[in-house]
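Trainee: Sequence lines, in order, name chains A and B. For the first sequence, my numbering begins at 1 and goes up steadily by one. For the second sequence, my numbering begins at 1 and goes up steadily by one.
These aren't lab readings, by the way, just hints derived from the structure by calculation. The C-beta atom is built at its ideal place from N, Cα and C for all residues, glycine as well. Take these hints with a grain of salt, some might be off.
Said to hold, decoys possible - Derived contacts from chain A toward chain B, CB cut-off under 8 Å, selection only:
id : residue
1  : Ile84
2  : Arg332
3  : Ser499
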Amino acid sequence: KLAQMEEAPLYPGESIKVIAKDVMYICPFMGAISGTLTVTDYRLYIKSIERDPPFVLDVPLGVISRVEKIVAQSHGDNSFGIEIVCKDMRNLRLAYKQEEQSRLEIFENLITRAFPVSNGLPLFAFSYKEKFPVNGWQVYDPMAEYKRQGLPNESWKISRINSTFELCDTYPAILVVPTSVKDDDLSKVAAFRTKGRVPVLSWIHPESQATITRCSQPLVEPNDKHCSEDEKYLQTIMDANAQSHMLIIFDARQNSVAVTNKVKGGGCENKSSYPNVELVFLDIHNINVMRESLRKLKEIVYPTIDEDRWLANIDSTHWLEYIKMLLTGAVRIADKIESGKTSVVVHCGDGWDRTAQLTSLAMLMLDSYYRTIKGFEILIEKEWISFGHQFAVRVGHGDDDHADAERSPIFLQFIDCVWQMTRQFPAAFEFNELFLVTILDHLYSCLFGTFLFNCEQERVKQISTKTVSLWSYVNSQLDDFTNPFYVNYEHHVLYPVASLNYLELWVNYYVRWNPRMRPQVRVGAGSDDDLLRSLPALQSVNL
Amino acid sequence: MLSKAAGGRPAKPSFVSYVSPEEIHIREPAGKEVNPYLLPGELLLCEASTVFKYVQEDGSNRGTYGKLVCTNFKVAFLGYESASDDNEPQFKNKVIGESDITLHCIDQIYGVYDEKKKSLYGQLKKYPEKLIIYSKDFRVFHFCLRCTKEEEVKRIVSGIVHHSQTPKLLKRLFLFSYASAAPNSPDAKNRTVMFDTFKDWHEELERTKGNVKYEVVSVNEGYRVSEKLPLYFVVPKSFLKSVTESILVHQGRGIPIWCWSCHNGAALLKMSAFPKEQDDSALQMPKLLDGIYKTIHAPPYEVLKMDDLSSSLPSLQDIQTAYTRFKQLFLIDNSIHFWDTDVKWFSLLESTNWLEIIRRCLKKSVEVVEQLERQTTNVLLIEENASDLCCVISSLVQVMMDSYCRTKFGFQSLIQKEWVIGGHSFLDRCNHLRKSDKEEAPVFLLFLDCVWQLVQQYPPAFEFTETYLTVLSDSLYIPIFSTFFFNSQHQKDTIVSGESHNAQSSPFRLLTVWDWSVQFEPKAQALLNNPLYAEKPKPDKSQRKTTRFKHHRQLSLPLTQTKSSPKRGFFREETDHLIKNILGKRISKLINSSEELHSNFREFYDSWHCKPVDFHGLLLPHIEGPEIKVWTQRYLRWIPEAQLLGGGTVAIATKFLDVMEEVQKLQKQMDEEHSQTAPEDADAVPTLRNSARLSSLFPFALLQRHSLKPVLPTSTWKDLEDEEDLAKRDDEFVELSGAD
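Only chain B is shown next, with the shape it has when bound in the complex:
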């Protein structure tokens, strides 16, 4: 259990101060020693007492006094007066309290000196009177240090800055201290496929019926071929035999790796390209590609389209820049700041370009879907490392085409397959070690945001809720799970085997994020499941139990194939074209002619949207401008101004749950009638919800708002240069009509 003081509760301010903190003479909180709740392996590094934490920086100076601590895992604020426990939040994280920020979750640290905000980093010469911490999950903390002893201020500020901002060694990740200290919990039965065994891949091939043309290979056992590639992966059958061994020299570059097979046999593949500066000179290139081409194009592989994502999608740098701007819109200091942002909202949003990047990724995915689904063409995604945008696109394609990926376990397995084992460099992209900003790019968040767009467009098609996605995004920064803290399977295996050597005592086991019971009690976990999920008709229970893989896919499009598919005749031309290109130019030039692609895409997209949606079939997102939205729950959840009491989708989910409860209750009553026993107290069924007073941002920010008063814009009206004329005309009309 988390101690109350650890901030499991957001709490009504137990201590409300209406005067500035410096005007209060603090009594030493005698006898009210508060101690942080520490996880196994967690060490207290420094602390400061009598720190004043503002409830909300709205100028009212309300808040609580408490202790600010920094451990090797988190920064935490412990209020002196723990509030009474009558209002236990329904959704509580067991690892991270409301006033805890893991070191990896700290985004920016500011100090306030004479009312001026300055970014804090490195060695500090002067210590601020206020400390502001922005976290990566969009919380903003304001701490006042004026009543804190100078010594403690120095220690805590430099401690937080040091432990969160300076580069770290991988081995010093909290992950390892936790794993060696934590009791070895039994491996909870988890239906998530981890893709770390030969069998997992084999079964995935069977599930998708890709086993006809593709096979799992173990050539990389011991990471002989590449440290970037997983131990096991899937390639076209006999691919490795047919290509010269020389391909293995290239660290896995140039190997077309299977991602997924469509019901019609078309497959989605990915491949790391050769670094650009080499490929003109590299003599073996043409030969190599020729080999690939021969294999993939030989029957039964047929047509292959290549798509160089680095030229058709924004660069990682663009993504990073966009997100950096975008997130700033939601790191809100106070009410005035919020409404100032609001006045310029659309232009600010547009200038970030984040939504446009999401739109482009969704669009690209639909294009790939079109090629797989309608043209029955194999698609090969190419990217330098095949582990960034390749992951985004291939995962999105699978979410759209394979309804299994829209179940919770299916989605988790997908992330394991494409991202974790697929070799996305989480460590570098999240900059967990604070080593270099250059590698940082929120690629995984981009993916989650794209999935969220689909979830909000088709809620009944997903077994999980947006809350699930939000919580998953938060888990990126919790260093007790290994899932998002390695660059590759190789890196993890190496370090784990090394550590196990050292700690001979017990087998070294790292937690996976998919064990949600680590973070949430069952009651809270229930909020991750979508009550509106349109389950498949006729769930055959006996079948469901035994076969997690036999998740049959339905044909996603009613196959009214009136058009002759362009396959055969097209085939020859396409390959000739390919050869010419391969021999002549770089691979990046091999992008499909965009015009043809565009019209195909449009036709496909429009015709799909004309038909009623089958929530278990193919799912295409709407990608028109108005349909791409801001992920309100994730980005606005801690902003008090943005809460709607009684509103939001939670109101509907609540209604739905109420109806379900009522049905169950009636059923129970009926059963009781039949069995002639007197019904027990009818009030036994809990009505735990009162949607009228739940915030739209439920289950987050439960009690952040202290009054039921409405929030009102504070900012003034934007100028209307061009409409001045019209605005003035009003009065003439009043006069004119007033004359009669």
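In isolation and in its complexed conformation, chain A is listed as follows:
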């Protein structure tokens, strides 16, 4: 009976793997709570009807980064504990009786289901059978998006050279490159860029024709190798914009890092080989620094906040400083395009982490279309998913190697930057905070196919027929994700101020597990319910 009342709700396609009674969840805020634990192929679920209202803990297994057994002496004779470290800024502690038969069963099931990839099982997204009225896989059509930007035009063409992913296996099938560039030359340029990630167009200014192009670093090597095709190629990109006789290359890294990369085969463009090119370094640190910063951030916000040392602690994580650097870089890029009418090339090392952050943020500032819900979905599909941000590697979906140094919160950082922008411009975005939180939740959940895999090549084979898109879910209930104060600032470029005066910790995401930090009414970023509740003031207008 009790077990029935404490049973987990299931999604279509979800199946229960193990149920155990009298499992203790040791909540850092509410103390120990005893209830029924259910592990399915999608979630870990604890419900306790001891409490009023019933306590529910519902965690998608995808957020789990690490599971560890704890021998808990303090709980006396018969208990056994599990510590679960999550990717979404919380840790969970469970305890249950040792003699319980299901003991091993719980742990084993948790391990296999939380890390299906390491255990040769499919991710849950492939079993999920929910039907939504709209099909999110149709949100992004590269041809339509390029057409919206006015492409192809006389200077830029749509190329299918990569339709079989031979030119570059981490790029999408459809690319936009300068019209005059021959396929042979493109292959030579590819050979000169890390992983064949040649400069391709991301965005074009509707009036000035200044472009944002993205790529990976050139393979300069210690002997300062150069590649005439690459030089000519960049010249062509510059020439495609009649307004300026300059091309600016934004290298996201620090100068010193870029230079020392030569030893390892990479490097940065050599000024003498590229006339009319200005090289700007944005001094953004790498994935390891960001991972470490987030780890520190988790330490200071979970489970509790040290109120007396809050500012010093937040300072010590450097998290907001990195956000500041990213926004600064993106503002500089947007400014060159908008005010300088100058085309820019953006790259870092591989051109899929910092590059994606910078180009997509700059596009968000420049193009109001990306500030709508649909536009933002397209931005993510395009700049991140199709251009091969290594979601599988960076998030580690279903993988048990929690110490993998390739993991890094790059996409989270991007969403944080977007949130900072929505804070600064509360009326400029069609979507609300819940939309951003939802995206991040499903970055880890493995419920939808959207963020699985590393690149389009891996994705095309199976994803759209076998999984559901996150946008199917989102677009089926747009009201939940709409900002009631949205004003379409068409054609307005938005420059956020990248000052720590304005950047703040995204409490409603990072600290949301702390019940003391419940979302509150904040004009612009608060929960919409609260905002809408204030709207009835409208009714007091004399009608």
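Please build the complex by placing chain B on the supplied structure of chain A, with the hints as guidance.
Mentor: Same frame as chain A, but now just chain B:
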């Protein structure tokens, strides 16, 4: 009307110079005589011409030439070329122009000698080539004096330094010259309760239903008891009868003065303590306190908790030190300075301790609220003069508990009650007379900053906006309003009656700051009202009109009193404890045992935050570190780098107003349809706003930024000692993955 030249407009620089001013040979601005706009009673003291005012010290040397004047009221810069008037700012102060600084608003004056900045004070031997003025409302003015005649430089610099920095007599405040010269404007109907009459107090007692246990007394008429106490105040019923007359000898010390009554009958009181050095020796102390105790503890007063604020909150000195450091973060000379500060932002902010002081005040207030609301305990706040932190805490408690105090008039009445009449020494705390730095402490600003925290956490709960609070904070330094220029009601009454004797002609009337029409046109005043204010449901108009006091409070907490209140059983112990302490020790030792307090507080605080917010009920601030923020509008408003075009809360307010306008427009159209008249030009409804190009710091600093270009950090990246290792690792990965 303010003349254009008086700087009502910030203006696009009408004169833009891209070369250093000294390279220009100035034509004498022939025929372009500019004269300052003077208020009644204002006198021009000295002036200097061909002064170059930088628009913004960003190294570009842009700016305007003009005249710098110093009057007995302000320092003002008058540009020679007044810009065309196509862009009248929506929010204009009628008294103080954009380039005016009242003498009381001047914070620091620096001179630049050979590129070196030196503080200017006293007698000057050498005169600087540049003059920098920091104002208390966070404006920074840079004036170049190189093209000014030496004689004039001497006069203006020493004039400004003298008139703003040297001690003044109270009687020489501009307030009085203004009042005697100004035409006696009819007293605008103001619903703010001034608390200077017996009736005001009586009605406040009725409003809060405190009249059951408390009464207004007029024992201080003629200031017989104390010059610190107001003419009328409220004490526990029959208190004065029951205590020996001896209490009146102590200048009002030891009298528990009523502040406010909670819906459940619990009251908030305050009391000035006896000076510490006396109390051990003072023999009458125990007797006296015994009397107090007897009265307050006798039914119906029940339990009383005492809270000595001087030991549980930071000292005035701490507050002053913190604010002095804090404000310096926002007095920004130029862009480079701004970004240099930004690099070390969090550690700088932390080192000021200002936000922590705010947090502690809010926390203390929540503790008091808990005692009143949940424990139904009377709370007696104790402080040496009961006029600093007592004012902060008692006002905050009322703002949180009494939604009337969150309306504009309610808030103004609260400030009258607790601060102005309550005897906060504005004159000394603001150091308006420049007499002594020792007494200076921004206690009132601390209060406003605390209220701002509440406003930004719960915007729909307040009838006023943050702009209102900002403007109110600015009004501290405008010496035409009497509100913030006296230490006590007694001081004001004395000097006013004295002055009236002298100037027999007309009755001497001082303005109150609450008459906002003195400073702002109605259009600008509208910005002080919060369009998002969630007005009470079912506003019964007939009732609202007649009764300003019948602002009913709802129960702030759904009374799910499952716990038995600790009242009765607790009562005896508590009082025994009290007696022991009173007889034995100093009053400051009577602080509640902190452990018990803490857990009560936590439980109360957490359970409140678990429930949905009732904007008309009890309101508790979030006091966790991340929730205490910098009052951006007040502190950053004049910094060009900090402006967000198209951003900030103004963007939302604008949207909201637009929707309201649209509703009204549609309504009008509907009416017209019904009445069969042809609708007039549909464009008649003005769309005065273009939020996409409004600055987030609207309505301040409207046109300070000259380009739509973004601001970019100039400062370099902070060192990352500990992360060096990781930073280097990047490249190995590139190599590794590059190998395949």
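Trainee: Next, verify each hint and record whether it holds.
Mentor: Results for each hint:
no., hint, verdict
1, Ile84, "violated (25 Å)"
2, Arg332, "holds (6 Å)"
3, Ser499, "holds (5 Å)"
In this structure, only the earlier hint numbered 1 is contradicted, and the remaining ones agree with it.
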